[in-house]
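Undergrad: Residues per chain, in single letters:
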Amino acid sequence: MDVFSSLMDGFATALTPLNFMYAVIGVILGTAVGVLPGLGPAMTVALLLPVTYALEPTSAFIMFAGIYYGGMYGGSTTSILLNTPGESSSVVTAIEGNKMAKAGRAAQALATAAIGSFVAGTIGTALLALCAPIVVDFAVSLGAPSYFAIMVLALLAVTAVLGSSRLRGFASLGLGLAIGLVGLDVVTGQARLTFGVPLLADGLDIVVVAVAIFAVGEALWVAAHLRRNPLQVIPVGRPWMGKQDWKRSWKPWLRGTAFGFPFGALPAGGAEIPTFLSYVTEKRLSKHPEEFGKGAIEGVAGPEAANNAAAAGTLTPMLALGLPTNATAAVMLAAFTQYGIQPGPQLFESEGPLVWALIASLFIGNLLLLVINLPLAPMWAKLLQIPRPYLYAGILFFATLGAYSVNLQAFDLALLLALGALGFMMRRFGLPVLPLILGVILGPRLEKQLRQTLQLSAGDPAGLFSEPIAVVIYIIVAIILLWPLLFKLIRRNRPAAVPAGMPSTGSGTVPPTEAGGSGGGGSHRADATPGGDGDA
Amino acid sequence: MSSSPTLASRLKGRSELGVVLLLGAAGALVIADAARIVTPYSQSDPVGPKTLPFIVGGLLLVCAVFLAVNVLRGGQGEAEGGEDVDLTHPADWKTVLPLMGAFIANILLIDWAGWVISGTILFWGSVWALGGRNYIRDGLISVAMSLLTFYGFYLGLGINLPAGLLEGIL
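Chains as they are written, first to last, in this note's numbering: chain A, 1 to 536; chain B, 1001 to 1170.
Since the hints were derived computationally from the structure, they do not count as laboratory data.
Do not take every clue at face value.
The calculated label-pair distances, taken between Cβ atoms and stated as ranges, are [what the hints assert, rightly or not]:
1) A:287 to B:1069: 43 to 53 Å
2) B:1078 to A:56: 38 to 48 Å
3) B:1104 to A:164: 27 to 37 Å
4) A:346 to B:1140: 26 to 36 Å
5) B:1170 to A:349: 39 to 49 Å
6) B:1038 to A:8: 52 to 62 Å
7) A:56 to B:1025: 40 to 50 Å
8) B:1074 to A:4: 14 to 24 Å
9) A:164 to B:1136: 41 to 51 Å
10) A:196 to B:1065: 27 to 37 Å
11) B:1035 to A:56: 42 to 52 Å
12) B:1054 to A:378: 26 to 36 Å
All C-beta atoms in this analysis are idealised placements derived from N, C-alpha and C, irrespective of residue type, glycine included.
Please construct the entire structure, taking both the sequences and the accompanying hints into account.
TA: What follows is the structure, encoded as structure tokens:
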């Protein structure tokens, strides 16, 4: 009952009037930026990093958590009403959601997305509260060799599994690691990639890098391709669902949750694969398969639930191991370092009250989102009509402000522009931005673990394999890297047997499809725990 | 396809080779920079400050080579879409360059003229570049944004943005 009492303490902290206010601000802001084109939760948290100078860590993270979940809600609203998903995780929702909206069922689509997100978010957060301490118990026994292996796995998995081109993913990762190298080496004090510029000696500030890549790069990219004829927004009233809609939605919600959480908790993270799997499953299990492609409610309910459960799952490695696997988690991790808080398994020990208040605030945020967003959907839809010049000028304005306020030096703004141009180029040529950000954040920590490992083994490279967990992880890494080759080989041997489909994540913990869907919490937990342990 | 394509025809429409150059240059730079570091071997730090740069530089060079092959064989990166992105028309430099101009003006002016003035120029210039032509309304919003953030940062976050020329007035 330790988890329970810690969680109750967390609720006590999160429900103080001040923190509750920040939760409300967070979810409203998060929904707004999720709805607004061009803005996402990662960019918003990056732009808000300056508040870390003034706010208590607890309040700041409660607000960030609200933005994180709120962004998910807002994103689904946009994809249903506009049919142009802003984030890759809501691509699947747009397929059926927009068809429903066009058929005059926008209110039901928004309702099943919102309620499904609430259900999935709540179950996902409960699983997070249960799994994270287990992962921590396991992780504290690990040494530097295992940590090094885990970080290598996380970087490679995000680079090689997500995105359409592995090659371009690795290019992005390389650039990120190079940016992370800039500055004085911590151990020897040697200057690396500073070119004699004293202002570079402390390295590139993560706030500047994140704001440049997410905000400036995005604003410049959109400016270059701004849509001349605005998109049609489908008008919508207050979301509601009929009895039939409920009946058809509740199983997809639960199945979506079962897909989303374990995938989110894996180092390759991401919501793309589980939302896709959920869509395919619902299509196969549906009693109305003929409706798919024309606006089937199951095709919105399942993927939306998977999306939100994955968001909760992602926080498991983030809080328990200090490993972010999506962009927003990466920026939140940067916020931890702004406060001088060491991310990693010690976090639950050293910052217990903060972590539990954060988890409690996720429950609160979820409920707030449901209560606030069901009545406000028509207002959010209006937000889509904001004049684009103001929107993108505003993004540049706040990006400048955020980067400048770190050190109050104009030099950072020049860096911001240069890295913003890099972000523009990456969007133009299809280089994913997530590997770059993870490279910048994890690169220095990766190097630290590598040096500790070889220090322990007195320079013998065999030290890298001195822990069994590390060996297992390297095998998984090898499978991920060799996967395209293996895939080709299998195909050659059995030409007809393997259909070309989504590549599985290397560790292969695809949760079993719950045919009945009524398995309830117990079977979800059974799915999720191996997923949570698998990445440790 | 053709047996003897000229270099020029091969390069046409392959602007992605610019990415190859960038990766190659970055990789070479990282390795050259690391090679210049001299540290004595130390028992307590057998890895030293040069190992990771060499690995990263190597990764960048390998990516550059593979990407070059990929692009010359006709591979193409997928440009990123979005709600407000219309990929059917080519990049509109008449919007991007003035936008960057407003950004650079802010960099040059912020320390001397102060945030309220430079921020106003940044916002107004960006709105203009993006197609806003309601000069008076745009101007009023720009001034309001700059003033609000100036005082907001000062009172709310305790960050003193530079007052510059308006020192003493604000």
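Undergrad: Take the hints in turn and mark each one as holding or not.
TA: Right, here's what the structure says about each hint:
1. A:287 to B:1069: 43 to 53 Å: At 50 Å between Cβs, range holds.
2. B:1078 to A:56: 38 to 48 Å: Between residue 1078 (chain B) and residue 56 (chain A), where Cβ atoms are some 42 Å apart, the hint holds.
3. B:1104 to A:164: 27 to 37 Å: Holds: the Cβ-Cβ distance is about 34 Å, inside 27 to 37 Å.
4. A:346 to B:1140: 26 to 36 Å: violated (51 Å)
5. B:1170 to A:349: 39 to 49 Å: Check passed, 46 Å falls within 39 to 49 Å.
6. B:1038 to A:8: 52 to 62 Å: holds (57 Å)
7. A:56 to B:1025: 40 to 50 Å: holds (44 Å)
8. B:1074 to A:4: 14 to 24 Å: violated (59 Å)
9. A:164 to B:1136: 41 to 51 Å: For residue 1136 (chain B) against residue 164 (chain A), whose Cβ atoms are near 46 Å apart, the range 41 to 51 Å holds.
10. A:196 to B:1065: 27 to 37 Å: Since residue 196 (chain A) and residue 1065 (chain B) have Cβ atoms about 30 Å apart, the given range 27 to 37 Å holds.
11. B:1035 to A:56: 42 to 52 Å: holds (46 Å)
12. B:1054 to A:378: 26 to 36 Å: violated (58 Å)
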